[in-house]
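Residues in the sequence shown are numbered consecutively from 1, following UniProt numbering.
None of these hints come from the bench; they were simulated from the model.
We put the beta carbon where it would ideally sit given N, CA and C, even for glycine.
Honestly, I wouldn't trust all of these hints.
[As the list claims (entries may be wrong)] Straight line, CA to CA, 25 Å or less: simulated DMTMM-like cross-link-like pairs of lysine to aspartate or glutamate:
{"id": "1", "residue 1": "Lys153", "residue 2": "Glu220"}
{"id": "2", "residue 1": "Lys153", "residue 2": "Glu173"}
{"id": "3", "residue 1": "Lys153", "residue 2": "Asp209"}
{"id": "4", "residue 1": "Lys153", "residue 2": "Asp116"}
{"id": "5", "residue 1": "Lys153", "residue 2": "Asp82"}
{"id": "6", "residue 1": "Lys153", "residue 2": "Glu218"}
[Unchecked claim] FRET-style restraints, in silico, Cβ to Cβ:
{"id": "7", "residue 1": "Asp356", "residue 2": "Lys153", "range": "52 to 60 Å"}
{"id": "8", "residue 1": "Thr358", "residue 2": "Val415", "range": "28 to 36 Å"}
{"id": "9", "residue 1": "Glu370", "residue 2": "Ala305", "range": "37 to 45 Å"}
{"id": "10", "residue 1": "Thr195", "residue 2": "Asp334", "range": "46 to 54 Å"}
{"id": "11", "residue 1": "Thr191", "residue 2": "Ala246", "range": "30 to 38 Å"}
{"id": "12", "residue 1": "Ala147", "residue 2": "Asn235", "range": "39 to 47 Å"}
{"id": "13", "residue 1": "Lys153", "residue 2": "Ala103", "range": "28 to 36 Å"}
{"id": "14", "residue 1": "Gly206", "residue 2": "Asp274", "range": "40 to 48 Å"}
{"id": "15", "residue 1": "Pro112", "residue 2": "Ala89", "range": "42 to 50 Å"}
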Amino acid sequence: MGEIRIAAVVATLALGIAAVGVAGAVGGDTVTAAGAVDASLGTVQTNTTDGTTNTTDTTNGTDSTDTTNETATGTVAGTVTDEGGSAVADATVTVGSATTTNATGEYAVTVPTGTDTLAVSVAGEQVATRSVNVTANATTAVDLTVAVTATIKGRVTDSDGQPISPVLVELREPGRFEDMAQFPTEYVARTQPDTDGYYQLAADPGEYDLGAGSVEYEIEVTSVSLSPGATLTRNFTIERADGGIAGTVTDESGTPIPNATVTTLNGTASAATDTDGAFDLTIAEGSYTVVADADGYQPTTSEVAVQAGQTTETDLSLTARNASASPLGVAIADTSDPVAPGGTVAVDASLTNRRDETVSQTVALVVDGETVDDTFASVAAGASESVTLVWTASADADGSYTATVQSGDAAASTVLTVDPSLNTSDGSGTDDGATNGGTDDTGGADPTFGTGNDSSGDLFEGIGKDSADANLSFEGIGNDTDPTFDGVNTSDSDAPTFEFDTGSDGPDFDFETGSDAPTFDFGTDSGGPDFDFEAGSDAPAFEFPSD
Numbered sequence: 001m002g003e004i005r006i007a008a009v010v011a012t013l014a015l016g017i018a019a020v021g022v023a024g025a026v027g028g029d030t031v032t033a034a035g036a037v038d039a040s041l042g043t044v045q046t047n048t049t050d051g052t053t054n055t056t057d058t059t060n061g062t063d064s065t066d067t068t069n070e071t072a073t074g075t076v077a078g079t080v081t082d083e084g085g086s087a088v089a090d091a092t093v094t095v096g097s098a099t100t101t102n103a104t105g106e107y108a109v110t111v112p113t114g115t116d117t118l119a120v121s122v123a124g125e126q127v128a129t130r131s132v133n134v135t136a137n138a139t140t141a142v143d144l145t146v147a148v149t150a151t152i153k154g155r156v157t158d159s160d161g162q163p164i165s166p167v168l169v170e171l172r173e174p175g176r177f178e179d180m181a182q183f184p185t186e187y188v189a190r191t192q193p194d195t196d197g198y199y200q201l202a203a204d205p206g207e208y209d210l211g212a213g214s215v216e217y218e219i220e221v222t223s224v225s226l227s228p229g230a231t232l233t234r235n236f237t238i239e240r241a242d243g244g245i246a247g248t249v250t251d252e253s254g255t256p257i258p259n260a261t262v263t264t265l266n267g268t269a270s271a272a273t274d275t276d277g278a279f280d281l282t283i284a285e286g287s288y289t290v291v292a293d294a295d296g297y298q299p300t301t302s303e304v305a306v307q308a309g310q311t312t313e314t315d316l317s318l319t320a321r322n323a324s325a326s327p328l329g330v331a332i333a334d335t336s337d338p339v340a341p342g343g344t345v346a347v348d349a350s351l352t353n354r355r356d357e358t359v360s361q362t363v364a365l366v367v368d369g370e371t372v373d374d375t376f377a378s379v380a381a382g383a384s385e386s387v388t389l390v391w392t393a394s395a396d397a398d399g400s401y402t403a404t405v406q407s408g409d410a411a412a413s414t415v416l417t418v419d420p421s422l423n424t425s426d427g428s429g430t431d432d433g434a435t436n437g438g439t440d441d442t443g444g445a446d447p448t449f450g451t452g453n454d455s456s457g458d459l460f461e462g463i464g465k466d467s468a469d470a471n472l473s474f475e476g477i478g479n480d481t482d483p484t485f486d487g488v489n490t491s492d493s494d495a496p497t498f499e500f501d502t503g504s505d506g507p508d509f510d511f512e513t514g515s516d517a518p519t520f521d522f523g524t525d526s527g528g529p530d531f532d533f534e535a536g537s538d539a540p541a542f543e544f545p546s547d
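Could you build all of it, start to finish, from the sequences and the hints given here?
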């Protein structure tokens with residue numbers, strides 16, 4: 001049993017004073033006694049080698065005793081760190097009794113002697129245990145490394161299951177996605193998925209909001225609870241974010257127009273301006289025609305391109321409506337001039353409906369005061385339509401001509417140009433109908449000069465053979481003879497030269513309706529004819545009637 005030391009053995013004497021100095025053996029234990037106590041007040045304490053202290057109450061010298069056993073204790077102390085070696089503060093350490101780690105991860109707890117189990121909990125979750133042997137009146141060191149950090153992983157895709165880029169995944173304190181702007185710098189953890197859309201985050205245990213998205217995609221948010229050392233999987237499916245159109249509607253002086261209606265013709269967005277004339281539309285990315293309208297004003301439009309997650313700014317100015325003004329606005333978009341005399345010019349015009357109802361009316365083209373073409377157009381409310389009107393210049397037209405597109409009281413004007421030089425030929429260049437040995441820029445056939453004669457006969461036969469140059473007269477062509485140019489410039493002959501003196505008028509090749517066109521044939525090895533016109537002479541005109 002071990003040694004028993006009796007601090008005071010009380011023997012009741014007649015004087016009430018205890019005798020001291022008693023020693024002996026009890027059940028194999030050594031018993032010692034020293035000193036004396038008052039029998040009416042004293043107690044006897046015995047300490048055993050197993051750490052138990054026995055106390056005996058001898059009050060009033062009675063024969064009975066009241067013994068209390070006190071268990072011996074030791075201390076368990078150490079440090080709690082995570083996998084990275086950082087201190088784990090506020091962890092709960094329990095071994096018999098409980099305590100918490102300080103800011104440096106240290107703890108100390110007094111526990112009864114013997115073998116016990118030590119447990120460490122973080123955020124209410126047990127993360128480690130250890131068996132310890134506690135020695136009386138001694139300190140047992142126990143350091144622990146615990147898995148504290150939790151892991152979140154998953155994948156971010158669109159509705160088709162395809163990975164999205166660019167996109168961010170963030171962990172924030174609860175409610176911070178609503179309180180703060182998109183993806184600020186304040187977050188608990190952040191990462192960007194890889195090219196296949198997979199992500200992984202690490203964080204301390206706790207309650208959080210987890211969100212995925214970007215400027216171009218909607219933000220999807222979910223709440224998560226992270227346990228120490230746990231791994232959580234969260235996948236996201238997100239859609240492209242809407243864009244926006246914002247601006248101000250004003251009148252011609254720049255004054256804001258409240259309660260103006262702003263809509264998109266090819267979308268579903270609509271809004272009314274506030275007291276400052278401002279509006280804000282939310283709409284998917286794409287191209288839109290924005291229409292602004294207000295009572296007493298003519299509608300106006302603006303073409304806008306919207307990108308996902310971004311707001312496009314566009315301001316619109318309205319013109320006060322005049323009841324007598326033409327309901328259709330007119331603008332000339334393009335013309336096909338210059339042309340040669342006799343050529344046709346196309347005039348493209350744009351018509352804009354200024355009313356809130358469909359307008360139908362005549363649109364005319366006037367050239368130098370004469371209406372040369374017109375059409376009837378119907379334009380829907382607030383819409384625009386294109387029309388094309390034409391003017392054919394006369395054969396002797398030359399210079400600039402004023403063209404006006406009119407619709408009601410609205411009109412737009414431009415200048416059309418007729419250039420005779422576009423309708424001539426020099427044997428290697430171009431003319432408005434046909435060419436002689438060269439090219440035809442207008443798509444005409446090989447040059448034929450129809451005569452309109454009713455009889456046949458060889459005229460100019462033999463020209464260009466071995467004879468000298470001849471002065472030819474073309475008078476009478478197109479009368480009752482049918483001139484032919486067969487044999488002109490046969491083998492070894494020189495090509496004929498058509499020369500016109502300075503100041504002379506160029507020849508006219510006129511062929512009556514229904515006539516056959518003459519053919520200019522030139523023999524093998526001959527050169528093409530030269531049409532030479534000296535300075536000051538007029539270029540010849542080749543005219544062919546419609547038949």
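Okay, the hints, checked on the actual structure:
1. Restraint check for Lys153 and Glu220: the C-alpha separation of about 15 Å stays at or below 25 Å, so the hint holds.
2. For a cut-off of 25 Å, the pair hint linking Lys153 to Glu173 stands: about 18 Å separates their Cα positions.
3. About 14 Å separates the Cα atoms of Lys153 and Asp209, which keeps this hinted pair within 25 Å; it holds.
4. For the given pair, Lys153 sits about 38 Å from Asp116 by alpha-carbon distance, which is inconsistent with the 25 Å threshold.
5. The straight-line distance between the Cα atoms of Lys153 and Asp82 is roughly 21 Å, inside the 25 Å bound, and the hint therefore holds.
6. Taking the CA atoms of Lys153 and Glu218, the gap is near 20 Å; set against the 25 Å cutoff, the hint holds.
7. At roughly 57 Å, the beta-carbon separation of Asp356 and Lys153 lies within the given 52 to 60 Å, and the hint holds.
8. Hint check: Thr358 to Val415, Cβ distance near 33 Å, so the stated range 28 to 36 Å holds.
9. Between Glu370 and Ala305 the Cβ separation comes to about 43 Å, which falls inside the hinted range of 37 to 45 Å.
10. For Thr195 and Asp334, the Cβ-Cβ distance of about 48 Å falls inside the hinted range of 46 to 54 Å, so the restraint holds.
11. Taking 30 to 38 Å as the suggested C-beta distance range, the pair Thr191 and Ala246 conforms, at roughly 33 Å.
12. In this structure the hint that Ala147 and Asn235 lie 39 to 47 Å apart at CB is violated, the actual value being about 24 Å.
13. Separated by about 31 Å at the C-beta atoms, Lys153 and Ala103 satisfy the suggested range of 28 to 36 Å.
14. For the pair Gly206 and Asp274, the supplied restraint of 40 to 48 Å holds, since their beta-carbon distance comes to about 43 Å.
15. Between Pro112 and Ala89 the CB atoms are about 27 Å apart, so this pair departs from the stated range of 42 to 50 Å.
In summary, the structure is inconsistent with hints 4, 12 and 15 from the numbered list given earlier, while agreeing with the others.
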